[in-house]
Amino acid sequence: MKISELSVARLESWFAKQGWQPFDFQKEVWQAMAKGESGLLHAPTGMGKTLAVWLGGLSYLSKQLSDKGLQILWLTPLRALAGDTCKALEEPLAELAPEVYVQARTGDTSSYAKQKQEKKLPPALVTTPESLTLLLSRPTAGKMMSSLQVVIVDEWHELLGSKRGVQTELALARLHRFVPSLLVWGLSATLGNLQEAMLHLLGYQEDSIPRPGRLVQGSINKELIIDALLPDSTERFPWAGHLGLKMLPQVLAELAEVNTALVFTNTRSQCELWYQAIVEARPEWAVGLHHGSLASDERQAVEAGLKAGEIKIVVCTSSLDLGVDFSPVERVLQVGSPKGVARLLQRAGRSGHSPSKASRVTCVPASAFELIEAAAARDAAGSRSLEGRAPYCCPLDVLAQHAVSLALGGGFQADELFREVRCSPSYHDLSLPEWEWLLDFLCRGGSTLSAYPEYHKLSEEKGVYTVSDATIAKRHRMSIGTIVSDAAIQVRYMKGARLGSVEESFISRLRPGDTFLFAGRALELVRLHNLTAYVRAAAKSGAVPIWYGGRMPLSSQLAEAVCTRLDKAAQGVYEGVEMLSVKPILELQLAWSAIPRSDQVLLERVTSREGYHIFLYPFAGRLVHEGLAALLAYRLSRFEPLTFSWAVNDYGLELLSRKNPPVESALAGPLFATENLTEDIVESQNAAELAKNRFREIARIAGLVFEGYPGKGKTARQIQATSSLIFDVFKRYDPEHPLLQQAENEVLDRQLERSRLYATLEQLQNRQLLKTEPQRITPLAFPLLVDRLREKLTSENLRERLQRLLSSLEKQADKTVKAAK
Amino acid sequence: MKTDQHDVVHHCNGQNLLLLPERAIYWQDENALLAADLHLGKEATFRAAGIPLPEGPSSETLVRLTAALQRTGASSLIILGDLFHGDNAIAAISTLMDDWRRLHQGLVIELVAGSHDHWSGQIPEQWQIEVHHSSLVRGPFTLRHYPEAVDNSYCLAGHLHPGVVLKDRSRADAMRLPCFYFGKEFGVLPPFGEFTGLTPLSPFSEDILFVIGDGQVIALPSKQ
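Just so you know, the protein sequences line up as chains A and B, in that order.
Take 1 as the starting number for the first sequence in my numbering and just add one per residue.
Take 822 as the starting number for the second sequence in my numbering and just add one per residue.
Isolated chain B, as found in the complex (with noise of 0.2 Å):
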């Protein structure tokens, strides 16, 4: 594949893993696209209880996928949960979604099922997607939606949204940025998702984190 100088190399159980600025990470021993909580439709879901959202984060969340997927060359793409956002999205973005599986008809695609896609209803066929109940084992790694410790394995998930609220000791300028996250037991992917929040972590623990920002990713300094 093409890497790019705003990528990172994190070496996570006996793997390189990439981490790239589209908030995704390629797995380059099995050519996989990894990304975690896309809440595609989310808007229609809001559009539905009564709160008009325009159309447009759905789409711009496919189209920065198909940038990922066609940068880093990945035969498979595995989706850590929340790849839909609930009532109503399936339905509200199945033509989008047509036309661009039609874009990637090659594309293995898997999902490990979480908390929101057991309540956007059924997947069509034609995506052909393969879905995982709560968890992946492969190689040295468990993928799942929920973060969780796992025996034997390190896990690989999403749920959590992960992100960073950097400040400067005079507290008057601060930013906030997606992460990743890697930790003893298990690393978290950002979400996806343009129409996604973030929900804060320590900048400065133990554990090892990867901000995004004006397209890069940025180690932060870590207290190991």
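Okay, chain A solo, but in the shape it has when bound (with noise of 0.2 Å):
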């Protein structure tokens, strides 16, 4: 294969016979890929980013010798597009480049069609992280990728921050050694953190120096509408509120107007419950549904559906957010609060999906304070006020699971594997004394143990090391990955068709007979057997699943424009048609308490029936308020015996107790101190259990569990343990263990977003404290008071729980020998 000439003007022509125009953006990419540039191009959805990096990249092709094996690789997140991806690459190809053909290789692409491709790799390959990395685990490596030119990551923004996105940087390395000019691009919707974006990308040369690239921005004169439905009073509309179907009616009249719109929820109950007030108001339009516990035959029905035309509306989550340019649709909702800036963008983009159209969505206010959410959003996107994606730093699972696929792709040296993985950002910071204990982990089972003649899952020899058991081998490869799922309860009727899947915490909570709702019908349960519900249709009515993944937290960016918005508020200045809307409950804010300006911090103190209520309004989001308020209940509980229980949102915490806390003299102490945080947040969480539900995914990753290995035979059998057991025996007889540390990190960092809590406290220290004593509860307060999600802080030890939890039982088991009288 040799593809003919393509210059820069050939693109632009076969352009102008397409009667189209090149963005200024495509041509800056095509001229600097035809340099040989590396790059990341970041622009909203739909504005021609894959034009410009692919015609760029046969452009470059054009221009090179080499003409035999794989040329360029496309990597894309979801397996599920890359049919897709494949079909809009090939479109140019006929006229541009007929010498090019494109294929798919992912979990879903035969075993035949793989091996054919292992004999002869096509020019262009389209690939997910995890087949990509399987190639690399392969002996023949090298020479496959010898011929790589161009490796282009699609939604880059997408895998960056999370373990995926950690795997693709170190092929990427492995790539950058097999071809050391390699031209590497990276797709992405607009972020807060680009430049960090791009160096994670692109990597650093075993110099030390970031690789150079440019970053190019899509062209962003598009028009942007960010606006909100608004309630027909304020009077009458909720302070709070999860689920807004008091706007459906607003919503319907929306709807009405379209041919084609898509429904944003923030989480899975809140689509189903969408889903079918919509249904039931309206069983003339055609209305689907889409999120991510559905099995995914649904879900493609769905957006092959709205592909087709077939389907007018889908309520959807987050699962719709990722998707090469799939049809636009006229009009794009969003139930709830946005939550952040980015996100909001990204989904305004789905509608009028086209360079010339305006983009547009519209926020559905569930209570009040969502209104100022939609304004502040405005004011966010409007100041480019976006968040990042904060990516890894040295997981030593992710990289644990790399050095044996790479063991197994030919073996490697040990100092050079650690030049080559100290290219990749996420490593780069990695040392020399974590380097050996991972090779130790995986030489000889790890540093505090004694050799064990049984254990041999690389082997050294002549400072190559390879793996030289098959079944180690085989096992390895079948689990290469970072996704790990939920451990999730398929929901299946009693014919056999299967829905879906939901959390076993819900699924145990229910009894046989009972119903729910779940992929849009009302179910009843029938039996649980094999982490599989069996359930028949069922009369209306149920129950609706309540999934705690996913429960985003409002970003700093969104949260920091919500608190401008509410000091114009403190003067008075109420500007647009939400805040004028939602005037007269701030109003009352203002009268019953007060309403904090930018440089102060609101502590509402409520006596009640309950007790003593402290609340307090950081703005720091509910993770951050999560971690605060449980340090908080700690650092008072210190001062005298207490037991607080809590509640926290987006906007706050309320601490509550039996007791008057002593907030003045803890106030005067270190209430708020930033020192020996990590050591009072660790006393203060339940952390142990955190650390074990996050050392599950590391298990995972790093080799010690093995979920889904299909043989069932004896090794399989006697190799089964639950992470959670795997952690107990850690704890107890290797506490000091790397893999531990790293849960233990992997929840102050990710879940309890240590780095926010810490500059949350900073600020709690800097900014004045505006104290209220309201006589009722305040509108700001109201959520949180109402928020039946409480978290409690005990001092109980181990007796004590365990006589607590038997009376419990005690109790229960009364009630039922009563009821059976």
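I should point out that these hints are in silico values taken from the structure, not numbers from a laboratory.
Glycine residues also receive a C-beta, built at the ideal position from the N, C-alpha and C atoms.
Chain B stretches covered by chain A per the calculated footprint, using a threshold of three residues with CB under 8 Å from any CB of chain A:
1) 868-875
2) 900-908
3) 1033-1041
Some chain A residues judged to face chain B by a derived CB distance under 10 Å, without partners named:
4) Lys457
5) Phe706
6) Arg717
7) Gln718
8) Arg732
Got two chains here, each in a separate frame; can you build the complex from them with the hints?
Here's what the structure looks like:
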């Protein structure tokens, strides 16, 4: 295959023939790629990013001499989209590069097709990070990849900040080793940390200098509209609310006007409820439901229906955030808080999905305060104040997996691989002792252990590390990847059709005969067997599963914009329809308590029949407030024995106690201190339990447990253990184990957002504390008070806990016995 | 023997069974200690499969076994299956086991073989363990690895690794504890081994359950 010369001028004339005019950013990418530059292109969806890098890549290839084997690799995070991507890439080939053909290689590709590919790879391959790593674990990887010239990573913003992103970085470092002149381009939505995103994509050279790259911004002159549906009257509008079905009439009116629309919701429960409500109100409409717990064929049917124009409205969650340029819709609605600015922009991009049309997203507030968020999101989008994605730093589990993959892929030399992985920005700070521990862990089982004769995952000969045991090799290849599925219960009809999966914690609360709402249907639980819930259709009504995953916190950027709006309201300035709409409620807040200015933090103390309430509003997002509530409860209870329960939301937290807590003396002391923060967090949280949950993913990635290993043979049965059992064994017999420490750090950094918590404490120290003692619960406090998900800090020891749990069981037993009589 | 305030006596088929927080049963009339599912050498089996686990659970299991034997003064030990875990297990712990056996020279050890015992290979003669293949009838009891209803006898078994999850009504707190199970047809011992998981049973049923927590054996309320 030799592509005939494909100059930038020829690309432009091809564009003209289609009746298009290339954008400046497309020409910039073509010229940069023609010169052999790498880079990152960021633009909203539907702006022609794909054509920019794809044609640029082809043009670059046409100037190269080599013409055999794999030339260009296209990485996509979603294997379901690989087929669509292939089609989109094939379109211009007939005219511009008829020699080139595209194939997909993912977990869905048949093993026959894969074998054929291994004999002769296509010039262009579309694949996922997992399938790429699998290719790199072939002994012939170096030969297969030696002809590669261009790698394009699609939806890099989705991978960055995840362990799949780390895996991609490591694979890219390996590809750079095979092909030092490799061109790498990423496509990304607009993020708050684009420079960092590009660094993590391109990596470092061996001399620790970042590889040069060009950051190209797609045109942003596309018009963007963020607005909100307003309630008829704010007097009857709820102060708190999760579901916001109050706005159903307005939503139906908007949807009646258009042919196609997406209704985004924040949680899967919200998604089910809105779907149900819309279908009941308008049975004649074609409505689809799309969320991450549904079986993939259910989801694909909805996607296809939307594409074919058979479905008018899809009610969905973030499961539809990703996707190649699939058909644009006329309207996008966002039910509930938008949570983040970048995400809202991404969703807006789903409407008017072409460069010339305006993008519009309409917020549907579930409570009065979400009206403020809509206005704030518009402000933040206008000032380009967007969220970033924080990359991981040196996760040992992913590195352990990668090292075994490379040992399979022809073996590695320790110092060479150490230099190579340090070219990945996620491991740039990896220390030599950490690396040596990892090698020990893989070769001998870990540094704290004496030599185990029976342990031989990696073996070393003349400085080259390989895997010699065929069973270990096979098992490793089957578990490459970093996606860990939840401990989910399959939902299935008695007749056999699969509907999707729900969390075990939800289904364990139901008894046979109970009904629940799932996949848009009312279902009756028949029985639970082998991790499967067998169901049948039920008469209407039933509980909605509450999925605890995916409860995103309000981003710092959006929170800051909300504070700015409140600052203006505190001065009596209400701008825009949303703020005017919420004005009566904010005026009540002002009359009963106060509205904090930007340099203030509001603390309300209220006494009720329940006890003493402290409401504090740092506006730092629910994750930080969770950590902060536990921390403050812990620090207050050190002054005198107290029991607190608490509730949190994105704006603040409530602490409730039976006795009057010593707030004044605590404030004079170290209540908000940043000293001993980590120790106090660990003391105040059930840190061990959190780390155990986190360890599930780490154990799976590092190869300590196997999920879905199909062998039913005796070895497979002998090495079955849950990650929590393994966690307990490590905790007891090797408590300093670095993988345990990784779990603890991930809890602190990712779950409790330690750095944001630190920053919040600093703000609490530096800002003026505005203390009020309102006579009743204020509008800001009300949503916290009605939140039913309360946590408790207890100073009970094991024995007291056990006694309490037992007496709770006794009470339940008494009740059942009485009921039986 | 020295009984302990933490033990519980359970009357079963005319016999007094002492349920010990060490996760074993002391059968007074026979002066025998019953234990199930020790899974010795399990960590070695994992390591052989490329999963690096630390040393410790097996020796800890044996230490607890010694403690239970010494406290009760039992003259015989009957293992209800899964004494060793699997591939490599016997080889990996042979030194440990040699030492332990020397410590309990007079002790009679009988094993009713279970699923894992068929995998773990030949048991060395010097350990003097008498192996019974599927069941052992002793007095009013049939001792097995797999629990099963037996005519004219009550079955005591292992294999299931019974446990209970205690929750409070708000579900804010939960504990997972090993338990003894006594149903109409058979009784099941908790797994004795350190490195063993639990299968949760419903904490409130027709059956009789005793949980082990905080070093005590505690009867759970029952529907009976």
